[in-house]
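Place chain B on chain A using the hints.
From first to last, the protein sequence lines stand for chains A and B.
Quick note on numbering: the first sequence equals residues 1 to 430 in this note's numbering.
Quick note on numbering: the second sequence equals residues 1 to 430 in this note's numbering.
If several chains are the same, the list does not tell them apart, and a pair holds so long as it fits within one copy or across any two.
Once the Cα atoms are required to be at most 35 Å apart in a straight line, the calculated DSBU-like pairs of lysine-lysine come out as:
(1) K296 <-> K341
(2) K46 <-> K59
(3) K46 <-> K110
Everything labelled a hint here was simulated from the structure, so no lab data went into it.
All values derive from a computational prediction rather than experimental measurement.
2 protein chains.
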Amino acid sequence: MARLVMKFGGTSVADLERIHNVARHVKREHDAGHEVAVVVSAMSGKTNELVNWVNEMPKVAGSNAQIYDAREYDAIVASGEQVTSGLLAIALQSMGVDARSWLGWQIPLKTNAVHGAARIEDIDGSDIIERMGRGQVAVVAGFQGIGPDNRIATLGRGGSDTSAVAIAAGVKADRCDIYTDVDGVYTTDPRLWGKTAGASKAQRLDKITFEEMLEMASLGAKVLQVRSVELAMVHGVRTFVRSSFDDPDSIDSSDGANPPGTLICDEDEIVEQQTVTGIAYAKDEAQISLRRVSDKPGIAAAVFGPLADAHVNVDMIVQNVSEDGSVTDMTFTVPSSDLEKAVSTLEASKESIGYEVVQSDPGMVKVSVVGIGMRSHAGVASTAFKALAEKGINIRAITTSEIKISILIDQDYAELAVRTLHSVYGLDKE
Amino acid sequence: MARLVMKFGGTSVADLERIHNVARHVKREHDAGHEVAVVVSAMSGKTNELVNWVNEMPKVAGSNAQIYDAREYDAIVASGEQVTSGLLAIALQSMGVDARSWLGWQIPLKTNAVHGAARIEDIDGSDIIERMGRGQVAVVAGFQGIGPDNRIATLGRGGSDTSAVAIAAGVKADRCDIYTDVDGVYTTDPRLWGKTAGASKAQRLDKITFEEMLEMASLGAKVLQVRSVELAMVHGVRTFVRSSFDDPDSIDSSDGANPPGTLICDEDEIVEQQTVTGIAYAKDEAQISLRRVSDKPGIAAAVFGPLADAHVNVDMIVQNVSEDGSVTDMTFTVPSSDLEKAVSTLEASKESIGYEVVQSDPGMVKVSVVGIGMRSHAGVASTAFKALAEKGINIRAITTSEIKISILIDQDYAELAVRTLHSVYGLDKE
Numbered sequence: 001m002a003r004l005v006m007k008f009g010g011t012s013v014a015d016l017e018r019i020h021n022v023a024r025h026v027k028r029e030h031d032a033g034h035e036v037a038v039v040v041s042a043m044s045g046k047t048n049e050l051v052n053w054v055n056e057m058p059k060v061a062g063s064n065a066q067i068y069d070a071r072e073y074d075a076i077v078a079s080g081e082q083v084t085s086g087l088l089a090i091a092l093q094s095m096g097v098d099a100r101s102w103l104g105w106q107i108p109l110k111t112n113a114v115h116g117a118a119r120i121e122d123i124d125g126s127d128i129i130e131r132m133g134r135g136q137v138a139v140v141a142g143f144q145g146i147g148p149d150n151r152i153a154t155l156g157r158g159g160s161d162t163s164a165v166a167i168a169a170g171v172k173a174d175r176c177d178i179y180t181d182v183d184g185v186y187t188t189d190p191r192l193w194g195k196t197a198g199a200s201k202a203q204r205l206d207k208i209t210f211e212e213m214l215e216m217a218s219l220g221a222k223v224l225q226v227r228s229v230e231l232a233m234v235h236g237v238r239t240f241v242r243s244s245f246d247d248p249d250s251i252d253s254s255d256g257a258n259p260p261g262t263l264i265c266d267e268d269e270i271v272e273q274q275t276v277t278g279i280a281y282a283k284d285e286a287q288i289s290l291r292r293v294s295d296k297p298g299i300a301a302a303v304f305g306p307l308a309d310a311h312v313n314v315d316m317i318v319q320n321v322s323e324d325g326s327v328t329d330m331t332f333t334v335p336s337s338d339l340e341k342a343v344s345t346l347e348a349s350k351e352s353i354g355y356e357v358v359q360s361d362p363g364m365v366k367v368s369v370v371g372i373g374m375r376s377h378a379g380v381a382s383t384a385f386k387a388l389a390e391k392g393i394n395i396r397a398i399t400t401s402e403i404k405i406s407i408l409i410d411q412d413y414a415e416l417a418v419r420t421l422h423s424v425y426g427l428d429k430e
Numbered sequence: 001m002a003r004l005v006m007k008f009g010g011t012s013v014a015d016l017e018r019i020h021n022v023a024r025h026v027k028r029e030h031d032a033g034h035e036v037a038v039v040v041s042a043m044s045g046k047t048n049e050l051v052n053w054v055n056e057m058p059k060v061a062g063s064n065a066q067i068y069d070a071r072e073y074d075a076i077v078a079s080g081e082q083v084t085s086g087l088l089a090i091a092l093q094s095m096g097v098d099a100r101s102w103l104g105w106q107i108p109l110k111t112n113a114v115h116g117a118a119r120i121e122d123i124d125g126s127d128i129i130e131r132m133g134r135g136q137v138a139v140v141a142g143f144q145g146i147g148p149d150n151r152i153a154t155l156g157r158g159g160s161d162t163s164a165v166a167i168a169a170g171v172k173a174d175r176c177d178i179y180t181d182v183d184g185v186y187t188t189d190p191r192l193w194g195k196t197a198g199a200s201k202a203q204r205l206d207k208i209t210f211e212e213m214l215e216m217a218s219l220g221a222k223v224l225q226v227r228s229v230e231l232a233m234v235h236g237v238r239t240f241v242r243s244s245f246d247d248p249d250s251i252d253s254s255d256g257a258n259p260p261g262t263l264i265c266d267e268d269e270i271v272e273q274q275t276v277t278g279i280a281y282a283k284d285e286a287q288i289s290l291r292r293v294s295d296k297p298g299i300a301a302a303v304f305g306p307l308a309d310a311h312v313n314v315d316m317i318v319q320n321v322s323e324d325g326s327v328t329d330m331t332f333t334v335p336s337s338d339l340e341k342a343v344s345t346l347e348a349s350k351e352s353i354g355y356e357v358v359q360s361d362p363g364m365v366k367v368s369v370v371g372i373g374m375r376s377h378a379g380v381a382s383t384a385f386k387a388l389a390e391k392g393i394n395i396r397a398i399t400t401s402e403i404k405i406s407i408l409i410d411q412d413y414a415e416l417a418v419r420t421l422h423s424v425y426g427l428d429k430e
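Same shape as in the complex, but just chain A (with noise of 0.2 Å):
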């Protein structure tokens, strides 16, 4: 007997007939004897309705200024939620299980005053703990919680993941299973081997740690938002990733079976660490380079404070030292989206910067290996440079973490790096 909880996206009820099917699923895990509280999503296409119309409405309304008040924003947009989690209530009692929804001010789930993209500050499960000790279900609209301004507040867009994670670290779940579209978090993406059947050779991982999938999910593996990862890591909330789309009566939910999905936790209840444990990459990157910049101090600020106003999201950054101590090469990326924006920024701010010329190029992508285990393993990253030139692969860029190397490279070449990284690893399936 475990404590769950149970997160399911827009497109798991997106109607009727899949909210039933959501029912399905916990009416399994009830029956298995576990605790079970259910986080839900508004219906898929719902949550946009409400936002196009949050937008629109200044515009019908004769204002040009296009803004809105969040907190008005918050309320209109979390009635999605609320629908859901009623409808699912409902399908469960219907079922013959126990159970009711929880609204975020019900609970409550307090956030801080950032309506639109409020974090969570407090949760107090006691209340949903001792109906779950009763055998009733909690069903709880996600992505919204409430404000210190007695108004609802929701978290941001994926916020349901968010609100999963808190929940379970609110209601001291034994784990929090995310219900979605794949049925687990992978070694990479297995499309990069073509759509033909059994072609792919990434394999599903059993287990990942909380810093690798915050490595993977901010890399481009988009199967959680990152926040939610940030939160479990934090409260230690044993992540679950498994698919929507499995048969609710063939799947065994009692203790000690082991469902398809990968588990994210703490790298204590890994026992086997590989030093590798996924390649990861993130395309449409552009390399901007600032060459012969003066090499004095504040010369990063003056760099990056104008990009930053111009809201450029800026990602790898390398700066070499300098030869003479007198002028360096400046070489960073941002989105391909951003190139034209922040190549103008940079040029606008030429003479305060101080640098000779920018050069830039939009077709990049950026591969990152993986893995917690490189801490304790040298050699990791030569072994990435020597495989890439063996396939005559040009390396831009490099930058390291503790647990991760990535290196930006032509977008052409990026399958081929990708699948041969992935080999020369072992990641391979057999």
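The following block gives chain B in isolation, referenced to the frame of chain A:
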């Protein structure tokens, strides 16, 4: 300067353009210096969509019971008003008017525990009053409050009228304006004179008492929910029925202006009392007569108990004093749609009631003469009987109250009877 509550129904907020139009009405009152709270319904059709989902969900989940938890119904259905109140607040803000939305639980508007058809128990208007005093428009989601279980409770269909009157009482408003698809309450149904423009002799009433409006509303003049009129009467809320189709810019909202509409108010406020205020009628009534019922104590209970159990809504009841104290005739009306059920119920109880024969006639209409002035004027009833007799209209049954006379006649004579009475009491437009 006055404190106003304005109420707009689902048709008035059916889309963003119409919400903008509502905002123009609100801005007009706000700009005239009034303190304003607005109560809104859900967008037209939205409540039905949500209610259908609630009704369908148990079937989809495989339950034959077709029941649902009224607390979940409330959470789901109340989301409709939540969306409109937020959108109207944004529309007002976009037009430069300070505004915020209020959900039932935020005010709080406290109800009893009867989810789905809750009664209002208490309203704390202090926050809204304080903010109205600072020039902020309160946009209140109608139809909803919060129950003693800290869950959303709805007031039942048409509950937005009731919300508006309750809010008006809670904030001590000078007037509650109900914007609707008619421009007021008429002496009778204007359509009785056909569709030719100008042919109608019905007149809009400038004022009508709460008591008269209750009789008019429950007798078929469906301008306002009966519950909201009752509440207005109890709390003395001056309620003004007016058109939502009037161009907001063409209306004078200054103090002392006299926009078109009908004020429902205390009789003290009506200087010149008419003897008869209006003629109401209800079609599709069926008459049932029990012949030679044994005239003993408890006989009425024996007849109407089984009908109540069968959810048959009995209206006019006429029982004559029996000639010899042993048997009597008993006549009453039910909606035509309930006739079959009523007759079979009575036949099943024939022995316990003790009557000889049951007769019924489905095609009846109830015509009612309503007027608070008839309390102090004799001869009102005889005027009606004489006028109908002159037209050859046969009266089947009569019931009277202090301020109304109801007459049951054959449906064929409905229009003739109403037009005749409208004329004989001097209500015809010049």
